[in-house]
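Chemist: Read off the chains here:
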Amino acid sequence: MDYVLLGIQSVFSNTAMFSVFGVGIPSCLVTLFLGLLTGIAVGATPGLAGPTAMAVSLPILISVFGVRPDALLPVFGFLIGVMKGATVGGAVPAILFNVPGTPDAIMTTLDGHPMAKRGMPRRALRIAHFSSVTGDTASDIVLFVCAPFLAIMVERFLDLPEKTALIILSLTFISSVMGSSVGKGLIAVALGVLAATVATGQTFHPRLTLGIDGLQNGFPMVSAVLGALILGEIFVTLNDIWRGERQASTVQSSHGDVADGLQKGDLRRIMPHIARSSVIGTLIGALPGVGSTLAATLGYTVGRGIHKRRKRPEDPDFGEGAPEGIAATEAANSAVSGANLIPVLSLGIPGNAAAVFLILAADSIGGFNPGPAVFNFTRPQINPELVVAFGIFTLMALGNLLNWTIGGAFMRAMSVMSRIPIRLLLPIVLMVTLTAIYIQDTRMAALWITFGFGILGFFFRRLDIPVLPFVIAFILAGTLENTARQAFSATGGDPFFLFRSATSVIFLLMAVAIIVFLGRRKGHGAAATHPN
Amino acid sequence: MNRVNGDAVLGAAIVVASVLAVLVWVPRDTGSAIVEVVRGSMRIGDALAPTIGFSLLGIAGLILMIEARATGSTLRLDRFDLVFIAGVGGIFLCAMLLMRWSGPLAAALFSDESYRNLRGTLPWKYVGFIIGGGFMIGTLISLVDRRLTARVYLLGFVVALCLALVYDLPFGSLLLPPNGDV
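Protein chains in written order, with the numbering used here: chain A, 2 to 533; chain W, 10 to 191.
Bound conformation, chain W alone:
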């Protein structure tokens, strides 16, 4: 993307999105109008704040377009950023899935009880947290290092275990992820 036009394109996109939001989204997705009459008295409705918000966004987009003409673009976004953040998103998705389902899967394989009944007991309550958390730490470090090593995964699992102990041992009432959801 041309550096000079980057901010202008961003500004224009914001203006278009704001106009669409004010005309289409806000009226359809709010429970009352900009102003409403309740028992004979005028009140500010739920649509006012979003309308002002999107209007301000549109004005900001216009100002950005004007500024871009004078100053050029200060955007630093390129395809490498998108590739990286997509990678981070993929790692986070896998980590959350591991965190959520490792415990129930382990319980189904190695216990007669359901995970819901076991989630307050050792070692079950740590399984998802350590596997999902260790995976996230290890894979993120590997992404940055651009190579996979067992050491960083070991570091991740140890850190996750330490974290579980730090939170769980002194504060018995706290729930580690994912035990509040299952």
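Chain A extracted, bound-state conformation:
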């Protein structure tokens, strides 16, 4: 309990950025607020997403707050605000213009846009906002309870070999569930591991550099992550526009200026769908690598089945503007965001792009290493990392509060963002990203490396290889190698150290089972989709 209070205190006692009526406003509250607004704005902009805003803002935040431990919470505050805002904002263009602002808002178009076309855009937006924030809040509560518990269990019961096996299991799982094929997921993971091994190691010889001087320091994490995630996506989107496969400018609104809003009985109708989809989203979000799009699809599909049996004859079906359809989708995709942080905070394993940027921030600033050691309840010495963790939880709770109070109004005002042409926006985002990288790593070589990873990200997408497993493997490879080295040394050089404990054997068997099971399932699914 002391740590919880310390975490809350660390947020409110953070350096005041300015004062209102003589009361200092802590910098992390200001950044949280700005992050939320930014997140809603980028979520409402088709072609942009939360990770893009995080990528661009991270170097600026580090420039503002420095790399001192007290910079952690203001920087995390902004990133958490973006994360929360983007989940809400994605519904805006989906409802108003039938264009999903974020990939997980695709299902929102199915009922949100028909409702808007029937002259009730405000009602659709209000239902989306209420469902999204409720799902997000429920998911955060699960995170607050589960992450410390899971971390304590890991620290208590897992030794170095078991931790090595756990990272292998996580990487296998991520590679198997993401993308269309297990083989391509594994290719992404293997390439991520290999990219991370360049110029690292324990001898003086920088390995796998082919003698190229520019690679003597390896690939900077920021360049690799931003290149593959952000630049790759920019190149693919520009290519789609160039080929005429994507609309260069956004479609016009088809709704009129009809005043509308929540109707009597709406909340009673949608609450069961929100509750069900929140559970689905939270369960899916807790698994690393499983995206919010799957949660939205599952929440929608389950909700549709139940709605079909229970609806009154006069109620619209799913797909015809049913409020239940919007609620089922938005609650499910938003419930993923909090639960997605369970693996990163408790195990140090990032499960989605937002978690990747939290790790990047922690890595850049220092003083906080997400993982099971964070939840070490030491006494009487204070564990500063645990205080930061509870500070993060406090920021998430405050982010939800802001989302409940002002998020809806700002979300409805952000429909203007949907009108910005992507073809103009993306080259500007590219320039901003490159500038942000140079400010952190003042070498033109860093820009070339970023561009190289951007090209790699482009080809990944065109070859249907998932990008996120590559990025997660790149981040985890160093930890995996170090843990394996320590485990090998601690067991006296036992080459079979991974097979000496039942737990690590179970983890490895699970990894193999996941590859076989999901490989067969995906094979059958794809065969049905692409019959030869």
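Careful: at least some of the hints might be erroneous.
Partner residues aside, some chain W positions facing chain A, computed with beta carbon under 8 Å [unchecked claim]:
#1 Leu19
#2 Asp38
#3 Gly49
#4 Met51
#5 Ala58
#6 Leu65
#7 Ile72
#8 Val97
#9 Val153
#10 Asp154
#11 Tyr162
#12 Leu170
#13 Leu178
#14 Pro186
In case anyone wonders, no lab produced these hints; they're calculated from the structure. As the structure is a computational prediction, the values presented were derived from the model and not from experiment. Don't be surprised by glycine CBs; every beta carbon is placed ideally from N, CA and C.
For chain A, the structure is supplied; the task is to place chain W on it using the hints.
Modeler: Coordinates of chain W only, in the frame set by chain A:
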């Protein structure tokens, strides 16, 4: 490329490359073997991680070949993608060259001082960034639009100027590209 065989070809190429890397590249370009003995105790060497990485890559290539037999190809790469990405690469190369050398060239033409001495002062410190950045934004938009217009270049230069001011005015210690290299 036949859609059915695309993934299989990719898988086969990956398997061959992985085998070559494990047998040729890794042994020649790492400082220690898979396992080494240091002061009487066994340690994991620098070659282990790349060897496992390439082995995993090879296995992934085999799985992909097997999957391709059952499911067909999901590749969406064609020559238009290659043409486009080559164009983007050319634009990036030109933009980087402009960014790197516009400032020194302007200093050589219009000042007695070297660019290195001027890179912290206005307007010199913005020259490369604005010319290179504006060129990149304008040319990328032109590539996508398939036509050259002065308006998009104007937009690019204005955006680059705004970006320079956003970073440079509040944070005097930050270096815009290319000023950290020259």
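Chemist: All hints, please: hold or fail.
Modeler: Right, here's what the structure says about each hint:
Because the smallest distance between the Cβ of Leu19 of chain W and any Cβ of chain A comes to about 7 Å, under 8 Å, the interface hint for this residue holds. Annotation: Asp38 of chain W was flagged as interfacial toward chain A, and the flag holds, the nearest CB pair being 5 Å apart, inside 8 Å. The beta carbon of Gly49 of chain W is not positioned within 8 Å of any beta carbon in chain A (closest approach about 10 Å), and the interface hint is therefore violated. Interface restraint check for Met51 of chain W: the shortest CB-CB distance to chain A comes to about 3 Å, inside 8 Å, so the restraint holds.
The beta carbon of Ala58 of chain W comes within 5 Å of a beta carbon in chain A, closer than 8 Å, and the hint placing it at the interface holds. About 4 Å separates the beta-carbon of Leu65 of chain W from the nearest beta-carbon of chain A, less than 8 Å, and the hint is met. The beta carbon of Ile72 of chain W is positioned within 8 Å of a beta carbon in chain A (closest approach about 4 Å), and the interface hint is therefore held. Hint status for Val97 of chain W relative to chain A: holds, with the closest Cβ pair at about 6 Å, below 8 Å.
A hinted interface residue such as Val153 of chain W counts as satisfied when its beta carbon comes closer than 8 Å to some beta carbon of chain A; here the least separation is about 5 Å, so the hint holds. The beta carbon of Asp154 of chain W is positioned within 8 Å of a beta carbon in chain A (closest approach about 7 Å), and the interface hint is therefore held. Taken as an interface hint, Tyr162 of chain W does not check out: its beta carbon lies about 11 Å from the nearest beta carbon of chain A, beyond 8 Å. About 12 Å separates the beta-carbon of Leu170 of chain W from the nearest beta-carbon of chain A, more than 8 Å, and the hint is not met.
Look at Leu178 of chain W: its Cβ only gets to about 12 Å from chain A, farther than 8 Å, so that hint breaks. With 8 Å as the threshold, the beta carbon of Pro186 of chain W comes within range of chain A, its nearest partner Cβ sitting at about 4 Å, so the hint holds.
In the structure shown, a violation is registered for the earlier hints numbered 3, 11, 12, 13, in ascending order.
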